[in-house]
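Just so we're aligned: the sequence shown equals residues 339 to 518 in the numbering used here.
Everything labelled a hint here was simulated from the structure, so no lab data went into it. One or more of the hints may lead you astray.
[What the hints assert, rightly or not] Below, in silico cross-link-like pairs of lysine to aspartate or glutamate (DMTMM-like), each with a Cα-Cα straight-line distance of 25 Å or less:
1. 454 to 426
2. 414 to 426
3. 414 to 436
4. 454 to 466
5. 414 to 466
6. 414 to 385
7. 414 to 387
8. 414 to 435
9. 414 to 389
10. 414 to 357
11. 414 to 383
[As the list claims (entries may be wrong)] Across the chosen pairs, the derived CB separations fall in these ranges:
12. 455 to 435: 28 to 34 Å
13. 397 to 369: 53 to 59 Å
14. 401 to 459: 43 to 49 Å
15. 384 to 432: 30 to 36 Å
16. 357 to 381: 21 to 27 Å
17. 455 to 356: 53 to 59 Å
18. 475 to 498: 32 to 38 Å
19. 452 to 388: 32 to 38 Å
20. 426 to 392: 18 to 24 Å
21. 479 to 501: 30 to 36 Å
22. 512 to 480: 45 to 51 Å
By construction, the Cβ of each residue, glycine as well, lies at the ideal position given by its N, Cα and C atoms.
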Amino acid sequence: MTDNSTLTCPECQQGQLLETGDGTLVCLNCGERFLTPQRVCPYCDAENELDAKSCVRCGRALRRVCPRCQTVNPIKAAVCVSCSLAFDTIGHIAAREELRHTDRFSRMAGEISGVKAAEQSQSQQRMDQMWAVEQRRRAALAQQRQVQHQQELRLMYAALVLLALAVATVVVIALLSARG
């Protein structure tokens with residue numbers, strides 16, 4: 339048999355179980371009674387398995403899950419042991435309203451982040467396209483400069499040849515006129 343002093347309550351997950359002497363264990367925190375290895379229904383005193391969610395005899399729930407924080411609470415708890423939400427009608431309405439707003443805000447945040455990611459992707463695509471156009475423009479400009487430089491060199495060589503011919507012609511004419 340296990341040492342009951344090391345067991346914690348499966349209802350509230352906080353309380354220590356104390357053996358009462360009549361074969362039952364009682365949680366010191368929430369007061370829930372357990373038969374080993376069953377759980378006693380607080381409504382009809384039927385024995386249920388420890389992991390049962392509802393009573394096998396009356397069908398009532400044996401646990402209460404907090405709609406705000408999803409903590410499993412004892413069925414008789416008036417407030418959540420984790421977030422202190424009241425388990426009355428107003429508490430349920432408030433939790434449902436919080437979830438509705440949270441869902442709406444979460445959905446909107448998801449949509450916004452999706453739109454933002456799409457915009458960034460499109461912006462990056464546009465930037466890549468513009469960079470490719472700029473690279474082609476620079477390459478064409480460099481090619482045009484090279485062609486222009488070659489044309490300038492040809493014109494300079496042609497001008498030098500014409501100048502040399504003109505000088506040679508002047509020298510020949512000067513020599514012929516000096517002789518004759």
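Results of checking the hints against the structure:
For a cut-off of 25 Å, the pair hint linking residue 454 to residue 426 is broken: about 41 Å separates their Cα positions. A threshold of 25 Å between alpha carbons decides the hint, and for residue 414 with residue 426 the separation of about 12 Å falls inside it, so the pair holds. With a CA separation close to 23 Å, the supplied pair residue 414 and residue 436 stays within the 25 Å bound. With a CA separation close to 18 Å, the supplied pair residue 454 and residue 466 stays within the 25 Å bound.
Annotation: proposed proximity of residue 414 to residue 466 is violated, straight-line Cα distance about 63 Å (limit 25 Å). The suggested pairing of residue 414 with residue 385 holds, with an alpha-carbon distance near 17 Å, which does not exceed 25 Å. Taken as a hint, the residue 414 and residue 387 pair is honoured in the structure, with Cα atoms around 18 Å apart against an allowance of 25 Å. With a CA separation close to 23 Å, the supplied pair residue 414 and residue 435 stays within the 25 Å bound.
The straight-line distance between the Cα atoms of residue 414 and residue 389 is roughly 17 Å, inside the 25 Å bound, and the hint therefore holds. The suggested pairing of residue 414 with residue 357 holds, with an alpha-carbon distance near 21 Å, which does not exceed 25 Å. For the given pair, residue 414 sits about 14 Å from residue 383 by alpha-carbon distance, which is consistent with the 25 Å threshold. Between residue 455 and residue 435 the C-beta distance comes to about 30 Å, which sits within the given range of 28 to 34 Å.
Distance hint for residue 397 and residue 369: a CB-CB separation of about 23 Å, inconsistent with the stated range 53 to 59 Å. Distance hint check for residue 401 and residue 459: the Cβ-Cβ separation is about 46 Å, which falls inside the suggested range of 43 to 49 Å. Taking the beta carbon of each, residue 384 and residue 432 are about 33 Å apart, inside 30 to 36 Å as hinted. Range check, residue 357 to residue 381: about 24 Å between beta-carbon atoms, so the 21 to 27 Å window is met.
Taking 53 to 59 Å as the suggested C-beta distance range, the pair residue 455 and residue 356 conforms, at roughly 56 Å. For the hinted restraint 32 to 38 Å between residue 475 and residue 498, the CB-CB distance of approximately 35 Å keeps it satisfied. A beta carbon spacing of about 44 Å between residue 452 and residue 388 contradicts the range 32 to 38 Å that was offered as a hint. The hinted window of 18 to 24 Å between residue 426 and residue 392 holds, with their beta carbons roughly 21 Å apart.
Distance hint for residue 479 and residue 501: a CB-CB separation of about 32 Å, consistent with the stated range 30 to 36 Å. At roughly 48 Å, the beta carbons of residue 512 and residue 480 sit within the given window of 45 to 51 Å.
When the structure is compared with the earlier hints, violations turn up for hints 1, 5, 13 and 19 and for no others.
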